[in-house]
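Engineer: Kindly generate the complete structure, drawing on both the sequences and the hints.
Those sequence lines, one after another, are chains A and B. FYI, the numbering for the first sequence is 25 to 211, going by the numbering used here. FYI, the numbering for the second sequence is 180 to 576, going by the numbering used here.
Be aware that one or more of the hints could be misleading.
[Claimed, not checked] With the Cβ distance kept under 8 Å, some of the chain A side facing chain B (calculated, not the full set):
{"no.": "1", "residue": "Pro95"}
{"no.": "2", "residue": "Asn103"}
{"no.": "3", "residue": "Cys130"}
No wet-lab data here; the hints were simulated from the structure. Built from N, CA and C at the ideal position, the CB exists for glycine as well.
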Amino acid sequence: MARYGMALDYKNCINCKACEVACKEENGVLLGADKHRIWVGVGEIEGEYPLLSIVSNTFYPSQCQHCDEAPCQMVCPTNATYYGEQGQVRVDPEKCILCSYCMNACPYDARYVDDRTMTVDKCTFCTDTRLERGETTTACQNTCPTKVRIFGDLDDPQSEISELLRTREHFTLKANLGTKPKLFYLT
Amino acid sequence: MIAQIKEFITTIPVKKVSVKDLLSFEKNFANYLVAAFVVVGMAMLVIGVITYLGHGHHAYNVTREHPWGLMIAVYIFFVVSSTGLCIVGSLGDVFGFKDYELISKRAIFGSIVTILAGFLVIAFEIGHPVTMVIYNVVSPGLTSAIWWMGTLYGAYLAFMIVEFIFLLKNDMKMAKYFGLAGLLIGLAAHSNLGSVFGFLNARPISNGVFYPTYFILTAFITGIFIAFIIMGFRYRLRFNEEVKKMLTGLAKIQALLLSILIFFVTWKLLTDIYGGMPDRAEVAIHILGSGTFWAEVILAMVIPLVIILKTGGKAHVALVFASLSGMVGIFFMRYNLVHDTQLKPLQMLKKVEYQLPPEWVHYFPSATEMMISIGGLAFCIAMYWVGTKAFNLDADH
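Structural biologist: This is the structure:
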């Protein structure tokens, strides 16, 4: 069984936000729910002309980290948040009681309330859409013009993501919390 | 077995209460004030609930960044009150301190009505309360502090009700057994409520052992504040010697507990600030600059403690008013706990989500949240009033 993760060659990001649009289109995210499911963090240029810090102008695409030790899963009182067969962190809207504990517990601010179901939702790695149809890419990856995202099976040593994580230095966010995220930022 | 249960229930000493009984009370300013509060509060509850049913969580000012608001704080306020009253009630009927048996029935009944008020408020905060009841049983999240807290509080309520019935029947032996079980379950539930915050490793300001222990301490303090208030109303501030003796004893315990609380809070803030740990130190410094924190300190800690120390705990009437101040302070304590946990934006690189980098997450409760919260208090007082009419809440000599 695959164990999905995503590597982000984030320095290639040009902040075109095509990933946000593709995610919304593919997963039916409501209008107005901007930067809820997936987003590009922007580091603005610091300093005053002509002493501008160009290196401060960075783009950090991000979303649910699909942690192996997900705090949101641990705190869920009804097991509405659970691990999918391929390691995705999922939410079962049937079981979600909207206590919002997971939203407080997620260190990555990756959860939001879907106004249609009034339950908590988040990135699923397109499990119910593209992966369900047999595709092997996520919408955000598929649309990215600068190929920032590499989605794949972390347990397959031949996969592109495994190859990248073997050969490129990378980091995970808030690694000190021990959540073991499956989003890897390539440096 | 069924016949025995039927007999057990039918022999509960309950007085018949008519609407006329409920509306008859001594005509004085304080009683009119409370009656007016209950009527207005219940009306607010109805309006608040109707608004909530029409608009759902959109009627609240909770957001993705601040998902827990006033009603979580009010729920905690009520369940803290319940646990505290359970502890105070247990002094007499579980631990055998004769002086405190006077208040056992009132305190245990108070613990029942306060937790019911808490359940009422949380029912309108949880998005899907019916789903919660079903999946709490069908699909229990055993690693969740909320699951343990909710489940234990359910069991606690059952034990409190049975204990109260035995107290009404003057069966002190059984009341003691159920009281002890209820107390232990209540303490477990309440410390689990503390751990709901203590387990959050995403929120350094709350993470750690502090809240599970602090919750028990503040519950006891809250229980004594409420004990003063309900005895003040019961005796209309004209206490007999027996009651005075009990209240003096409670005041001395309260002085000790408040001193420990001040010590705890001081060291919590010092350790939060010392070393400058990111997301913890800056939040603690922000808390020190907030008015609601100082409201908590002055109303719940300084005023009651100074009065007790100055009078040796013998200024009973003043202490009833100090306890009212204390309860307002305890409310701020709960509000601060919930709000401060969410003060620091998780941000996650979303630096321009709001055009400007957010420094602190802002929250102010909506009118609907306020109406349901005030309504919860009115509901609590109304139930207590019905209880005073339906049951003999004074100690049997």
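Engineer: All the hints need checking, so say for each whether the structure fits it.
Structural biologist: Evaluation of the provided hints:
1. The interface hint given for Pro95 (chain A) holds, since its Cβ lies 6 Å from the closest Cβ of chain B, which is under the 8 Å cut-off.
2. Below 8 Å, beta-carbon pairs count as interface contacts, and Asn103 (chain A) has one with chain B at about 5 Å; its hint therefore holds.
3. Hint status for Cys130 (chain A): holds, given a least beta-carbon distance of 6 Å to chain B, under 8 Å.
No hint from the list above goes unmet by this structure.
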